[in-house]
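**Student:** These protein sequences, in sequence, are chains A and B. 83 is the number that the working numbering gives to position 83 of the first sequence; each next residue is one higher, with no gaps. If you count the second sequence from 1, you need to add 1000 to reach the working numbering.
Keep in mind the hints are simulated off the structure, nothing from the lab. Just so you know, even glycine gets a beta-carbon here, dropped at the ideal spot from N, CA and C. One or more hints might be untrue.
Listed next, the stretches of chain B that the computed footprint assigns to chain A, with coverage defined by at least 3 CB atoms under 8 Å from CB atoms of chain A [said to hold, decoys possible]: (1) 1052-1063; (2) 1116-1127; (3) 1166-1172; (4) 1187-1200.
Number of protein chains: 2
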Amino acid sequence: MSAPVEFYFDFSSPYGYFAACGIDALAAKHSREVSWRPILLGVVFKTTGGKPLPELPLKGDYARIDMHRCARQAGIPFKLPAKFPIAAQVPSRAVYWAETQGPRRARQLGLALYRALFAEGRDISDPEVAADVAAAQGLSRQAALAALNDPAIKDRLRQETENAMKKGVFGSPYFIADGEPFWGADRMEQLDRWLATGGW
Amino acid sequence: MSAPVEFYFDFSSPYGYFAACGIDALAAKHSREVSWRPILLGVVFKTTGGKPLPELPLKGDYARIDMHRCARQAGIPFKLPAKFPIAAQVPSRAVYWAETQGPRRARQLGLALYRALFAEGRDISDPEVAADVAAAQGLSRQAALAALNDPAIKDRLRQETENAMKKGVFGSPYFIADGEPFWGADRMEQLDRWLATGGW
């Protein structure tokens, strides 16, 4: 099996959620696994001068129309949560903690957290909520809560965000497959073709 | 026949060029015409705080990869011109002048100018070059040159840019169909479905 597809995302990103709903199945078609890499876009934006979509004049208003239309098109349950955007530290750390129990655990928890936020409107930036989601995935609630304050896990998230920036990641979702970068849920079709053909 | 699809674009935008290559055929499938509306994104960016893609850290580098990949995927001849980005006043004015001879003339000249820039690497910000392109489309070279300095045509471009902003246009390409906005060549599939179904 070839190297995993790197999947970078911020838990506050609706488009990251849309990607999360399909990326594992897409990669599996090409016998690839996916390495789920939550990052903090706020940190990246300090370097790139980027801003969260809702804050951008005109573009923010458009994005609200577009994200709902994209969800309807893809048949993905989606609602902007009452609290939005959220601080993504807690769910991101939870995923890196789950990864210590295997990459499959990280993928499952990542998707479950995204669904809790964007399909169920739950505030996954609350450690208790994130731990509930972990428990529902068969992980230890207590261990999850402890991990959220583990300096090694906190540091891991900082390092992953730093590494992502070094690789050129500036948005969410962002994929890297065999060195080729793809930004946006709307580039998954190209990613699919790239994995099928090895580039064109 | 229903109202035309509004197609806003900046002549310096490669993604606007990709859209230009397909939008008339897309609309024709649904018995729609397309109203070609060149605008000056630089003016829009003064309001929105947007910046030209090449100037954005990380995103600019990615865009260069993405635009070439999109062109290859769509089978569109594409090369970044030696002089890029260009000032879009001259080709934009030429299109509004051509429109005074009918919307079909505007569409034909718009596409011809885009091709001259992105397929042939010609500097369409040069009035002589723009006039050559117009002449090759069967328009009067002399009249084209005169129109580029016509205060009424200059004012038309300013007005169209202003109107576009009022409608929420912040990027290129940008489509409005029956009031529904679509941003990006990568939303033409959704636009196609919208025109087919009247929304979903």
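**Student:** Does each hint hold? Answer for all of them.
**Tutor:** Taking the hints in turn, this is what the structure says about them:
1. 1052-1063: holds (count 6)
2. 1116-1127: That given contact is violated, which follows from only 0 residues of the segment 1116-1127 of chain B lying within Cβ reach (below 8 Å) of chain A.
3. 1166-1172: holds (count 4)
4. 1187-1200: holds (count 4)
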